[in-house]
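Participant: Could you put together the complete structure from these sequences and hints?
Listed below are the residues making up each chain.
Protein chains: 2
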Amino acid sequence: MAVETPRPAFVPNPAVRRLSYYLRQLESYQKKGRRTVSSKQLGVALGYTDAQVRKDLAYFGQFGHPGIGYKVDELSSHIRQIIGTDKTWGTILVGAGNLGRALLAYAGFESKGFRIVAVFDSDERKIGQSYGSHHIRPTSDIRLYVQEHRARLAILAVPADVAQDVADDLVNAGIQGILNFAPVALVVPPYVALSSVDVAIQLEQLAFHLHSARKKA
Amino acid sequence: MAVETPRPAFVPNPAVRRLSYYLRQLESYQKKGRRTVSSKQLGVALGYTDAQVRKDLAYFGQFGHPGIGYKVDELSSHIRQIIGTDKTWGTILVGAGNLGRALLAYAGFESKGFRIVAVFDSDERKIGQSYGSHHIRPTSDIRLYVQEHRARLAILAVPADVAQDVADDLVNAGIQGILNFAPVALVVPPYVALSSVDVAIQLEQLAFHLHSARKKA
Numbered sequence: 496m497a498v499e500t501p502r503p504a505f506v507p508n509p510a511v512r513r514l515s516y517y518l519r520q521l522e523s524y525q526k527k528g529r530r531t532v533s534s535k536q537l538g539v540a541l542g543y544t545d546a547q548v549r550k551d552l553a554y555f556g557q558f559g560h561p562g563i564g565y566k567v568d569e570l571s572s573h574i575r576q577i578i579g580t581d582k583t584w585g586t587i588l589v590g591a592g593n594l595g596r597a598l599l600a601y602a603g604f605e606s607k608g609f610r611i612v613a614v615f616d617s618d619e620r621k622i623g624q625s626y627g628s629h630h631i632r633p634t635s636d637i638r639l640y641v642q643e644h645r646a647r648l649a650i651l652a653v654p655a656d657v658a659q660d661v662a663d664d665l666v667n668a669g670i671q672g673i674l675n676f677a678p679v680a681l682v683v684p685p686y687v688a689l690s691s692v693d694v695a696i697q698l699e700q701l702a703f704h705l706h707s708a709r710k711k712a
Numbered sequence: 496m497a498v499e500t501p502r503p504a505f506v507p508n509p510a511v512r513r514l515s516y517y518l519r520q521l522e523s524y525q526k527k528g529r530r531t532v533s534s535k536q537l538g539v540a541l542g543y544t545d546a547q548v549r550k551d552l553a554y555f556g557q558f559g560h561p562g563i564g565y566k567v568d569e570l571s572s573h574i575r576q577i578i579g580t581d582k583t584w585g586t587i588l589v590g591a592g593n594l595g596r597a598l599l600a601y602a603g604f605e606s607k608g609f610r611i612v613a614v615f616d617s618d619e620r621k622i623g624q625s626y627g628s629h630h631i632r633p634t635s636d637i638r639l640y641v642q643e644h645r646a647r648l649a650i651l652a653v654p655a656d657v658a659q660d661v662a663d664d665l666v667n668a669g670i671q672g673i674l675n676f677a678p679v680a681l682v683v684p685p686y687v688a689l690s691s692v693d694v695a696i697q698l699e700q701l702a703f704h705l706h707s708a709r710k711k712a
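Line order of the protein sequences matches chains A and B.
Counting from 1, position 76 in the first sequence corresponds to residue 571 in the working numbering; the numbering is continuous, with no gaps.
Counting from 1, position 2 in the second sequence corresponds to residue 497 in the working numbering; the numbering is continuous, with no gaps.
Because the hints were derived from the structure by calculation, they are not lab data.
Every value quoted in this text rests on a predicted model; they were computed, and no experiment measured them.
Hints may be right or wrong, so weigh each one.
[What the hints assert, rightly or not] Okay, derived cross-link-like pairs now, SDA-like style, lysine to any residue, Cα gap no bigger than 20 Å in a straight line:
#1 A:K527 / B:A680
#2 B:K535 / B:P561
#3 A:K550 / A:G564
#4 A:K527 / B:Q659
#5 B:K582 / A:S707
#6 A:K526 / B:P678
#7 A:K582 / A:E569
#8 B:K582 / A:H704
Facilitator: Encoded structure:
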């Protein structure tokens, strides 16, 4: 029995992030054939308390079964519904350089609910070429493509110096969510969701902790 | 005048992360030749309040000048000292697939204080090949290399199913910080710093917000 309550007005971002971690863990259980899990076991696997697990899930409904805990398939399916990945999101990729091709080659997206439906680049030497099942399209076609195919998500894997211009084009074309890999802080309107992967910043966080540990030692 | 106080016992992770954003913004000012900036201007550029900027920096010392604000070069240099990237961190890369090669091709690390000093792969067809200035070395050489060269940071760009084994090897070899790109939750000892980039999780965060906005509309 899973009673889904109305979506709450506000869920803190860290809780949304943990939903993804719960889902990854549940998918791992599914692969191993595990059928049920308690909030405590799910918490231990991820380093959270059982109270945290219950609180995060309680934003969205009551998913546990007395004496059983959570049914793995059921909770996994509910979290996908909550996130919105029970359906597949057609996602466009802009930038067919090394990083773009690495993302194209990564087969894991599709099982997570994301399908790269079109690839764009501004380099005329790349346009028309094929990577896997994709022909590289010119960036000038983005607007028409997005409108015709109602694509809502874009992955931006272009050099830093053109990233803001391309982001503006994506927003104007109707894209509502951008995952940015360019090492630059993009400005987008408040109604567009933006997430950034900046490898240098991640390395700096590690360096800080190592540097800090050495100073204390 | 910049009086650096002793490093505090505890700095919240979000504040450490903001240090990186301050540094990126200051570097951008440096490129444009800007000499000074106030906490308010720095905050506005990044979407933080001036109180937040001052509080974050106050963990590490007093860097402002009355009537001037911060000197861009000076604050940038201080933040690099705090993070530890006033010196270059020799970083090893494990995995020379598409993603590894994308990371190798990205020239931005060196200016941020990270130099990829060696590249390893377990694929015999790749070992000995050159990418840029790097020869791919066998993963069996990691331990010796790390010990001889005292490398402390590693970037892990290997498939999910071998990531934990490679991470164990890195830890045993003496690596103290790992940036993981494999879509799997790694377990490392508490004295090893770990940061993960999981593209599917980032996409899920975007999907949640778009899905959520549509439900409310």
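Participant: Each of the hints needs a verdict: does it hold here or not?
Facilitator: For each hint, the structure was consulted:
1. The hinted pair formed by K527 of chain A and A680 of chain B meets the criterion: a straight-line CA distance of about 16 Å does not exceed 20 Å.
2. Restraint check for K535 of chain B and P561 of chain B: the C-alpha separation of about 14 Å stays at or below 20 Å, so the hint holds.
3. Among the hinted pairs, K550 of chain A with G564 of chain A is consistent with the structure: their alpha-carbon atoms are about 14 Å apart, no more than 20 Å.
4. At roughly 17 Å between alpha-carbon atoms, K527 of chain A and Q659 of chain B fall within 20 Å of each other, so this suggested pair holds.
5. Taking the CA atoms of K582 of chain B and S707 of chain A, the gap is near 14 Å; set against the 20 Å cutoff, the hint holds.
6. Restraint check for K526 of chain A and P678 of chain B: the C-alpha separation of about 15 Å stays at or below 20 Å, so the hint holds.
7. Among the hinted pairs, K582 of chain A with E569 of chain A is consistent with the structure: their alpha-carbon atoms are about 16 Å apart, no more than 20 Å.
8. About 15 Å separates the Cα atoms of K582 of chain B and H704 of chain A, which keeps this hinted pair within 20 Å; it holds.
This entry satisfies every hint, going by the numbered hints stated previously.
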